[in-house]
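**Student:** Protein chains in written order, with this note's numbering: chain A, 1196 to 1528; chain B, 284 to 793; chain C, 26 to 265.
Don't take each hint at face value.
[Claimed, not checked] Subject to a maximum C-alpha distance of 27 Å in a straight line, what follows is the list of computed DSSO-like cross-link-like pairs (lysine-lysine):
(1) A/1523 x B/615
(2) B/484 x A/1513
(3) A/1452 x B/496
(4) B/479 x A/1387
(5) B/479 x A/1384
(6) A/1523 x B/496
(7) B/615 x C/82
(8) A/1333 x B/373
(9) A/1384 x B/373
[As the list claims (entries may be wrong)] Counterexamples of contact, computed for chain B against chain A with all Cβ distances above 10 Å:
(10) 342
(11) 375
(12) 391
(13) 399
(14) 445
(15) 448
(16) 452
(17) 456
(18) 479
(19) 515
(20) 540
(21) 612
(22) 658
(23) 669
[Stated by the list, open to error] Covered stretches of chain B (chain A as the covering partner; in silico rule of three or more C-beta atoms under 8 Å from a C-beta of chain A):
(24) 638-651
(25) 731-738
(26) 756-768
Hints were generated in silico from the structure; no laboratory data involved. Ideal Cβ placement from N, Cα and C applies to all residues, glycine included.
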Amino acid sequence: MGKYLLEVILLLSFLGWTKAEGQEVVVYTSEDRLFSEPVLKEFEKRGGIKVRAIYDTEEAKSTGIVNRLIAEKDNPRADVFWSGDPVRPLLLEKRGMLEPYKSPHAIDIPEIYKDEGGGWTGFSARTRVLLYNKNLIKEGEVTQSIFDLLNPRWKGQVAMANPLFGTTSIHVASLFCVLGEERAREFLKGLKANGVRVVSSNGEVKRLVSRGEAAVGLMDTDDARMALLEGRPVGIVYPDQGGIGTLVMPNMVCIIKGGPNPEEARQLVDFLLSEEVETRLARAECAQMPLRPWTEVTRVPGLDRLRPMLVDYREVAKKLEEIYPYLKEWTGF
Amino acid sequence: MLWGSFNVGGSPSVENYRDVFTRRNASFFLNSLLLASLSTLLATLIGIFLGFLLGKTDIPLKWALRPLLLLPFIIPSYIYGLAWANLLGKSGFLNNMLSNLPFVTAEGISNFIYSPFGASMVLGLALFPIVMVVAEGSFIGVNASLEEAGLLFGGRGRVMREVLFPMALRGIISGMVVVFVLAFSEFGVPFLLGVKVFTTKIFTEFSVFYNEKTATALCLPLVLFTVLIMTLERIFLGARPLEGLARGAGGRTYYYLLGKGRIPYTVACVVILCLSVFLPLVSLVMDSWSLGAYVRAFSLAGTGMVNTLVFGVIGASLLTLLGLILGYFLEKYRLPPTRELGFSMLLLFAVPATVIGVGLIKLWNRPGGLSQWIYGTFAIILIGYVVRFSPLAVRFMGDAYRQVPRSISEAAEVSGAGWWRLMVRIFLPLLIPRVVMTWVLSFIFCAGELGTTILVCPPGNETLPITLFTVMANSPAEVVSATAIILLVVVLLPLIVLLVLSSRVGRWQY
Amino acid sequence: MAVLTLKGVSKRFQGKLVVSDVTFQVEEGEVLALLGPSGCGKTTTLRMIAGLETPWKGEIWLDGRLVSAGGRSLIPPSARPVGMVFQDLALWPHITVQGHVEFPITKKLIRPARRKRVEEVLNKFRLEGYRHRYPHTLSGGQQQLVALARATASQPRILLMDEPLSNLDVTIKRAMYKEITRLHQELSITTLYVTHDHREAFLLAQRVAVMNGGKIEQIATPEGICRHPASEFVAEFIGV
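Bound-form chain A, shown alone (with noise of 0.2 Å):
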């Protein structure tokens, strides 16, 4: 064995025993990896904390990163979960997985985007919006609202992406939530009744509209920034500015309780939520609208310029879990 020695040592440094040197941090973020990897970078750089991350991919929209961090719930690895939607820390939360933090740069959120206990905190928002192809759609006729989906006009045009995935999901449950239960279920109906076509990811939508192999479809705001960035003949619309506006959706940052780093979890929470941070993302090409009413942006319109669709995320959330089998039922899974 001896005279392996060196051989073993060498493997095992080789392997990537990197736990003796340093600061660092471990951050599961589900915010896409295109935006987020230079914000860690920069905080890297910044501060002199190694950042180690793991982002999760289209293919398994969210649900990787999540599934690891429940299944790794009895000895977390995770210090930070940032997340691209409002409710996946609040399956965390209800699993008692999080480790209440409230950041004094958090101080100047609006409320409506924290919670109460510091176990999250929102930050840089998407917005849901409908993207539609200008070849198909002549400027006079551009739908406005999502309930024009509905209209015979757009038969088998629509696209959307599963509800039981990722802000779809979201979306659908916050339409109940507002709507009430009837309304939404006859809003989901109809845009059955109207063909619509449900395909796996938002980033599938953006490619059928963007492709003329759909006429409009709904879907984040950082996709259609996208299409447009790729040039193709789309066009962006905020939907129902003159009724229950549009959904919201802010990132969201939580500490994991028992994560192996606890200070530098504080430190890297800090930073995300700073206005800077904000800015950043706002002028990213996913061009994020800060939750800061008075940051300024040029790319999108600011929050302060949309009318929200108001409503509670840990409702939504619970709404979400409510009506899982009737979307079950919707979607024939």
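Let chain A serve as the given structure and place chains B and C on it in line with the hints.
**Tutor:** Leaving out everything else, chains B and C in the frame of chain A:
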């Protein structure tokens, strides 16, 4: 241990299973069955055809065809599906071409690709390389003198029908079963194309309800069915003759010279190559092609490239070694305990990657000591590879041992060889072609593994498939394509080196 | 002293008794032929002696050591002092003639002794000119010699031959009879020779054991068997 990871992942109770066998689940199951059967059929037809051309004829450009035809299998299936959706969707380039034909509408083609039939086509095209590789190996393994004996009585067609194919059947069926199980447990393609199958159902349980117990319980039908298929195969093959060892009895393989047929057959190969490789690749790249995209993709890929190579190579070598050792014991002793082991390993093969990932976390993510160390490092990724793909490696190597006449190894035993010398001096050199094949397939599997790796990968480290799929969300299409192409090149490079090397050293050809 | 002793050896395959209570001895320097129709259990008996099969009952003694007993194999084939020539010869396709001769003595002799021994064996079987050839490039008779050379290279206490000549044509067979007889005279190696051809048995062996249905019907010299066949079966089988 392998078995344990599955058990720990599940530890399901009776209630979870009660809901498994419902009518709706039955329709998912039938869809899965349809998808798996059709794709296996397609993969088998193409695979046998190409395997025959590569292994038994003098078709030109073999050295190029061999690695290129592996490409559909190397492209991650989700990306491959995306490429086909691009091609055949309403505004797709191929759709536009085809819909000019009579009786074909753009709508019809688009509906086709988003149906179980379209998904079967995509999967069949993605998986035929497995049958091709295995069939080629089996064809080469048929002793030339047997075919020559047949030629005295009948034409080449009859010899192929009555001698060559029956002799190679064992290997071909083995490949077919692997394709079937892979298609049966495939998630990406049906999910993308909106085909409701059992795996997407399991995924829903996991991602929507975070209900690992129900999800694991849902794996039961998959697993049971896989067991059924494998049992049928065993029974069926048990009565089949073994292939002779070509190199043993004369070192020769009979070649069917194509003569004038060279041109049409080469054209057929090129057509398949275009359909299965170039068209999808072109559609990936067509969107845009810029240097900037590659620069960006490279900076993203960074350590992922090295990791994929290093861990793919280690993983494939581990798997091949495991296949060599376990395959030996499985075939040599066929005792109840080893048979059980072989069986329980086959079960793992049918279990979706996410379930295995969660199982591994539960098993290895414990405070302190060795398990802590393993879970925090790349070792856990290797374990994931081994757990997921060892059934495959053991199966391929086990089959290979059967090709070696028993007396060959007995002669060594009587001549004083212990287990080690038997392996190194007798089996290894004789099985080199099969070892190379197993290594190649294992490498492709490992290098492309996503579902389990994403769940257990140590934070801050990653392999290329993870890079690709995390980048996919919202990155410009060109960067995604560029990353996909980098992945292809990284996987293909060692294979080309190996295949070129093996055609130089004639004996190594699989 | 007997080199090989079998005491009440039986073997079952899937509940069927294929070798039943076989008892015999092979003396030092003797050639014993195990004669019988195919399926009579003679090959199975040979394989049990080599350790390739485990007896169900009975004892096998080799060179004064108990090698199989009580339904267990006590010593693995690799450690038994036997050499074996297989029916299909079982030459290794990837190993040269010289390699075949070297293989059994690699572990037993140090290098200079090994080289000497290899030369000796190649010499004895007149294979020097073929030392770098692979088996499939050799003629049937030469392959036979290679198999013999491999089986005797380590100077085993007993040579087991399993119908080694059954696939050869008459001319080569005759030459091989001569060769085996010559070798036996030169080396005086104890041999157990399995065959279904009574002429071959009578020609090569000093004693012949006739087997039928897993049992030994008679053991005697060729002369004794011809003159006094012990049973109707024996008489019929040898054609008197």
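**Student:** Now tell me, hint by hint, if it's right for this structure.
**Tutor:** Now the hints, each set against the structure:
1. The hinted pair formed by residue 1523 of chain A and residue 615 of chain B fails the criterion: a straight-line CA distance of about 50 Å is larger than 27 Å.
2. For the proposed pair residue 484 of chain B and residue 1513 of chain A, the alpha carbon gap of about 22 Å is at most 27 Å, so the pair holds.
3. Straight-line distance between C-alpha atoms of residue 1452 of chain A and residue 496 of chain B comes to about 24 Å, which keeps the hinted pair within the 27 Å bound.
4. Restraint check for residue 479 of chain B and residue 1387 of chain A: the C-alpha separation of about 17 Å stays at or below 27 Å, so the hint holds.
5. Restraint check: the Cα-Cα separation between residue 479 of chain B and residue 1384 of chain A comes to about 20 Å, which is no more than 27 Å; the hinted pair holds.
6. As the CA atoms of residue 1523 of chain A and residue 496 of chain B are separated by approximately 18 Å, the hinted pair is consistent with the 27 Å bound.
7. Distance check on the hinted pair: residue 615 of chain B and residue 82 of chain C sit about 23 Å apart at the alpha-carbon level, within 27 Å; holds.
8. Between the alpha carbons of residue 1333 of chain A and residue 373 of chain B the distance comes to roughly 20 Å, so the proposed pair stays at or under 27 Å and holds.
9. Under the criterion of a C-alpha separation no larger than 27 Å, the hint pairing residue 1384 of chain A with residue 373 of chain B is consistent with the structure, at around 26 Å.
10. Against chain A, the non-interface label of residue 342 of chain B holds: every CB pair exceeds 10 Å, the least being about 37 Å.
11. At the 10 Å boundary, the C-beta of residue 375 of chain B falls inside the reach of chain A, the nearest C-beta of that chain being 8 Å off.
12. Annotated as non-interface, residue 391 of chain B keeps its C-beta farther than 10 Å from every C-beta of chain A; the closest such distance is 14 Å.
13. Residue 399 of chain B, annotated as away from the interface, keeps every beta carbon of chain A farther than 10 Å; the closest lies near 14 Å.
14. Even its closest Cβ contact with chain A, about 46 Å, leaves residue 445 of chain B beyond 10 Å, as expected for a residue assigned away from the interface.
15. Chain A leaves residue 448 of chain B outside its interface by the beta-carbon criterion, the shortest separation being 39 Å against a cut-off of 10 Å.
16. The beta carbon of residue 452 of chain B is kept farther than 10 Å from every beta carbon of chain A, the shortest such distance being approximately 36 Å.
17. At roughly 31 Å, the least C-beta separation between residue 456 of chain B and chain A is larger than 10 Å, which holds for a residue marked as non-interface.
18. Some Cβ of chain A comes within 10 Å of the Cβ of residue 479 of chain B; the nearest lies about 6 Å off, and the non-interface call is violated.
19. For residue 515 of chain B, the non-interface assignment is confirmed: its Cβ lies about 30 Å from the closest Cβ of chain A, beyond the 10 Å cut-off.
20. Every beta carbon of chain A lies more than 10 Å from that of residue 540 of chain B, the smallest distance being close to 47 Å; the non-interface claim holds.
21. The claim that residue 612 of chain B lies off the interface holds: its Cβ sits roughly 26 Å from the closest Cβ of chain A, which is beyond the 10 Å cut-off.
22. With a closest Cβ-Cβ approach of about 8 Å to chain A, residue 658 of chain B is found to fall inside the 10 Å limit, against its non-interface label.
23. The beta carbon of residue 669 of chain B is kept farther than 10 Å from every beta carbon of chain A, the shortest such distance being approximately 15 Å.
24. Only residues whose C-beta sits within less than 8 Å of a C-beta in chain A count toward coverage, and the region 638-651 of chain B has 7 of them, enough to reach three; the restraint holds.
25. With 4 residues carrying a beta carbon less than 8 Å from a beta carbon of chain A, the region 731-738 of chain B meets the three-residue requirement, and the given coverage holds.
26. Proximity of the region 756-768 of chain B to chain A, defined as three or more residues with a beta carbon under 8 Å from a beta carbon of that chain, is established by the 5 residues found.
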